[in-house]
Amino acid sequence: MFPIREATFLALDVKLLRIEAPRIARRREAGQFVIVRVHEHGERIPLTIADSDVDQGTITIIVQGIGKTTKLINMLETGDVIQDVVGPLGEASEVSLFGTVVVIGGGVGTAIAYPTAVAMKQAGNRVLSIIGAKTKDLIILKEQMQATSDALFVMTDDGSDGTQGFVTQKLVELLQGGEQIDRVLAIGPIPMMSAVADVTRPHGIKTIVSLNPIMVDGTGMCGGCRVTVGGQSRFACVDGPEFDAHDVDFKILAQRNTLYRAQERAALESLEADPAGDLEEIRHCRLEQKHPEVGPQAK
Amino acid sequence: MAEHLPPKERTKIPRQSMPEQDAHERAHNFDEVNLGLEIVVAEKEAQRCLACNDPKCVQGCPVGVKIREFVDLVMDGEYLKAAAKIREDNVLPAVTGRVCPQENQCEGSCILGKRFSPLAIGHLERFVADYEQATGQVGLPDRAPLTGKKVAIVGSGPAGLSCAGDLVLKGHRVTVFEALHEIGGVLLYGIPEFRLPKEIVRNEVDNLSKMGVDFQTNVVVGKTVTVDELLGEEGYDALFIATGAGLPKFMNLPGEHLGGVYSANEFLTRVNLMKAYDSEHYDSPIYDCRDRNVAVIGGGNTAMDAVRSALRLGAKNAFIIYRRSEEEMPARREEVHHAKDEGVQFMNLHNPVEFLGNDDGYLTAVRLIKMELGPEDESGRRKPIPMEGSEFDLPLDVAIIAIGTGANPLVQSTTPDMQTNKWGYIVADEQTLRTTKRGVFAGGDIVSGSATVILAMGAGRTAARSIHDYLITAEW
Ligand SMILES: Cc1cc2nc3c(=O)[nH]c(=O)nc-3n(C[C@H](O)[C@H](O)[C@H](O)COP(=O)(O)OP(=O)(O)OC[C@H]3O[C@@H](n4cnc5c(N)ncnc54)[C@H](O)[C@@H]3O)c2cc1C
Ligand code: FES
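Line by line, the protein sequences give chains A and B.
Using our numbering, read the first sequence as starting at 1 and increasing by one per residue.
Using our numbering, read the second sequence as starting at 300 and increasing by one per residue.
Just chain B, with the same shape it has in the complex (with noise of 0.2 Å):
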């Protein structure tokens, strides 16, 4: 085992940054921004960690990841053993490397930080994740003896996937019934290659095919096929519904039908799922975004993803429009860096009252109000609000709405003796995401509204765990 350097030398070691490509360069291709740590590198990342004997990081990770051990293996060299070690709580490390908010979370907790910078573990994660996909050497477990139950997943996203890839490794019959023509969720329609290349996203599901589960794609559940229909003739044992929260959210703003106004699904669908940006190859068609200005409106990371698309279609201005300070921005904060140094341009502080056209149907400008920031709400962020007479016109030939997703019904629709909440959501018991619908659980952003992949997963495998056992002892 490698020696650790005395504490006082690990800190003496800067963070090891992340390579990436030239921002002016990406600003218009959607090619992976970050191109991940060269070995050495990572070995002296690795180097920095203070090996806390009581680690924070790991009550930091939603999951429980046990950072220290992997980080250890990776000090070893040993990155196939550390891949695993990641891999005992976190099926999905590629992807999560990637995209968790690690700022709130391991890296928030880790004490380097408190002085010096915290260890980069997501950036350690994605090395280890992408050093074992790189060589084809991804440790897949052994399944279990079948055991003759079936087990139904509706919704591929990280929910679907992790609870199906632990349900099939007991022994399970497992069948994911996914609406889109292809399987991934929000993993797949949502972010964008140029953080998440969806060859990532594919080799995981490749994964779990080659474990054995059975992927259904073009199947809405609800119209398709009921659930009931699965319990009943289908003869599915037990049912994991794992939607998301896919329903797009409108501002209810006059103009809001105008040519050049999107939600940021529609927008991100059409670039991602649809691969609209490869006009030359695919036949789905996006609003021309060349030499024309851009705004979205939002902050979050479904905004980041949206605005940059936008840059990377051609938008000669990339607005993002937010109507608190950025400091109360939800994004990750390596995408608002990313996006200001790609020449984004952020209007905090705003927020629009109407979306202008002409007679035409197609949007002109957006009318902005200033916002200023008043007492904390309910949410502890302090609440914006408009400053009277403040209105301007900002020109604009696309809009882009990104104020957050809801519940989409279809499911619970169709479902009645299975409870929701007010918002829709589907109401699960928090240890065990039972519904109140025997042989039916339910977990991910169907359950808690829009969250993060990491949470998502967690409860995919919670889910698996408490599927098991009612399985098995057929109690309720």
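Isolated chain A (complex conformation) (with noise of 0.2 Å):
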């Protein structure tokens, strides 16, 4: 049982949560990631760890409410309890000191980058940060994203943020005004990091993504999280999830992330019909972990 300490909409439908796992806490690097298991009938699902405290012993999650385990999880609050967390999981981000690094993060993929920028930056990298989203309600790690960059870009579909257009166009547009950039960190959308990639790759420079394949225990048994990197299968939970963005290909990636969107979205749609139920078993959870004597029966 993991309870929640903290939990705060960053965004629209984009939610922190500061969770008790002080096992995790203590060992997690920058690019690794939980798997979480909300209550008792619930889907394993792979999070990244945005940050950690072990004095507190507690690690952050930031979650954007798309299918039904997220938007439950954007559903709990502080003193909710979370079934299962366990981790960290993957290999950790590759960080040393680059010279110019750029760090892109579209949507919630900021989440994900933030760690690695900031483990970037106290490598004694020049840190340059794009951050992209289709609207400013929606840009989220702004100000963290800043504290931790040389430059900040700041890019809105729709212009309400920073400058209107995709990151890809400001990465552009560093390289056109003669930038010297040794390496390249994207994480988002797969549509972004693949143009990312294609952006990157006559300049031969190093780029890596951070692959999100649907997973399922996180340990390297099941190869469902398989993705295919420079022709070969390889396991995002135990061999990445970083990889090498020049070599990874995206197409299957985007195939199999669409192999359960029936059942998906009928999930889905019972939630938002009827959280009730979902939302009572994890508080029965709670009532349980707070008063022992309410067990099982009560219910």
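Nothing false has been slipped in among the hints.
No more than 30 Å apart at the CA atoms, straight line, and that leaves these computed lysine-lysine pairs for DSS-like:
hint	chain 1	residue 1	chain 2	residue 2
1	B	K365	B	K355
2	B	K548	B	K682
3	B	K639	B	K497
4	A	K71	B	K574
5	B	K721	B	K736
6	A	K251	B	K548
The set of hints was computed from the structure by calculation and includes no laboratory data.
Using the hints, put the two standalone chains together into the complex.
As structure tokens, this is what we get:
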């Protein structure tokens, strides 16, 4: 059982949760993730660890409500309890002194890129960050990214914040302006990561992306998370989640991520029609934890 | 004590058959297939035992269960004593009674089997174990006074569970760390409900909890905590690694990335652990098998479990594609029979060469090649050889690859001073199960490669003995 110590919305449908998980907080490095199962009947989904606090024994995740499970997580509040959290999983980001590093975050991808941006800065890199979203309300972690970057560029599709346009546009501008870029980290929707890879490929700039395939165990046991990288099958949960963008087959990744679309839609519809059952299952755990005498029989 | 019938009379009794759910009905549900023997039937079966002076069945059992003695007790109607007798050597009788390959072990060695059918030892074992469970009088042994020593067990499959049980009785403090959110290893995530109801596994785990074993789920050793940290900061005096052989093998064929191609591990984990078959109550999805063609590649227990699960999920056609002939199939005989009765179609002597898909990235067919059997290979089985030019396409929506598993490197790669062999399995002394790292023992599939529940359980008990010796003598 993993109690939620803090839950606040950062933007529309994007929630930050600070969860008590001391073992994970102690070992976690930038780039790693956890697998979460909200309640007894829930599915297991991967979520990147955005931050951790060893003294408090907490980890922070930032969740965008898209499907049933993420929407359900976004309904949770301080004091609620998550059934299972396991991690830290995956390999940590490769961080060292590269020179100038461009960190690109698209949508909630910014939350995933943020810890690595911090680590890159701490390692002495010059960090240029580009964050983008559809509109102003969906831009997250702007101040935090500002604080950890030598320069921050904000891009929105509608121009309501920063410059109008895609993140790749800014990247192209930087390159055309003669910026000497040593490494790019791009995290966001698949089309964005794929587009960034296309921009940097001709320049031979090492570009890293963090992949988000469907996962089950997160320990290399099922192979459901396999991605095609350099023509080879790799397990994102143990070999990744970060890979060289120029080797990733984004088309296969996008296709595999649609495998359960019909089931996902049905699950989401039933949650939206009536979230009470799911919430009760979670809240019940909270009762049980505070008052052990309220056992399962009270259900 | 009940009198044995004269040997001639005993052999006249036919082997009592196990009642099972009707094949057509059960092919659509996940309830257990075998229903269990009635008391009178069990007693009748027990009477068939020839009561050999030198029982071969006991030698055939990898852990030496005192079969003759427990069968005698069944004849006498002393079912609880019979269960206790089995528990002296086998702590998971309700499990092994259901999943052991008896035909290669106890029953394979039974003298009756030379001229008649062997004694149904597995069914009798299951009978007494279920009887014991139903009465709620599981004779949990007393725990020795606390020794003040702490042991960590990594992995909660049969090896880890049996080791935990023995060590806790010796008075040690035992914590089992499990990567998944539930305890049981393959018994839970691999073997389906219709063959091994999860209730049975849960009962065994509850018994261990009552005996004092501490279970911690959601701990991936090597990630959440390392072996060195467990032995260091966390103060464990010894460690038993029983992480199984959980790494799925793929075939490296073109098209393996296609939607609808699964490893058996993923398919079975979704169905069993995540309960995807009960989509009304559980959120984890599985590819919709209803009215579709599903094929499983492989011929072991895992393949049978996967193909029968697919059938129960509504598959229109469920195939086994196996590159050798039925004779070489490593699956338990009973599972092969059950699968056939349920309507699984066997395509033996076939092997896939490519998975074919559509533009959206979904599987549409598998290209197969016919095989023939050549001379024996190192394994003593006749080697399958592809027949050139015999390729053809089988239309398919789901393909499940069940060609075996390997060693998951998570623990080994973070424990550099513990030796592994060239396949990545942990090297452990055969007698003591000591690894090359002081205080660390290993056993079960992570040492032997994929084997059986009973062997893993046996390894857990051997490890418990040598861990106890080490804790008492402090000698390595
Ligand atoms: C589908 C299937 C059907 C089978 N059918 C039969 C059968 O009918 N009869 C039979 O005798 N045998 C059968 N087997 C084989 C049998 O199940 C195994 O040989 C046996 O379970 C091995 O036991 P184990 O304790 O070594 O490991 P496992 O049962 O594999 O358990 C290992 C446990 O360790 C956990 N783990 C792994 N890595 C870590 C880590 N780093 N940190 C923490 N925990 C970790 C895993 O999650 C798992 O729970 C079958 C196997 C499968 C897959
Ligand atoms: S999620 Fe199962 S192997 Fe990666």
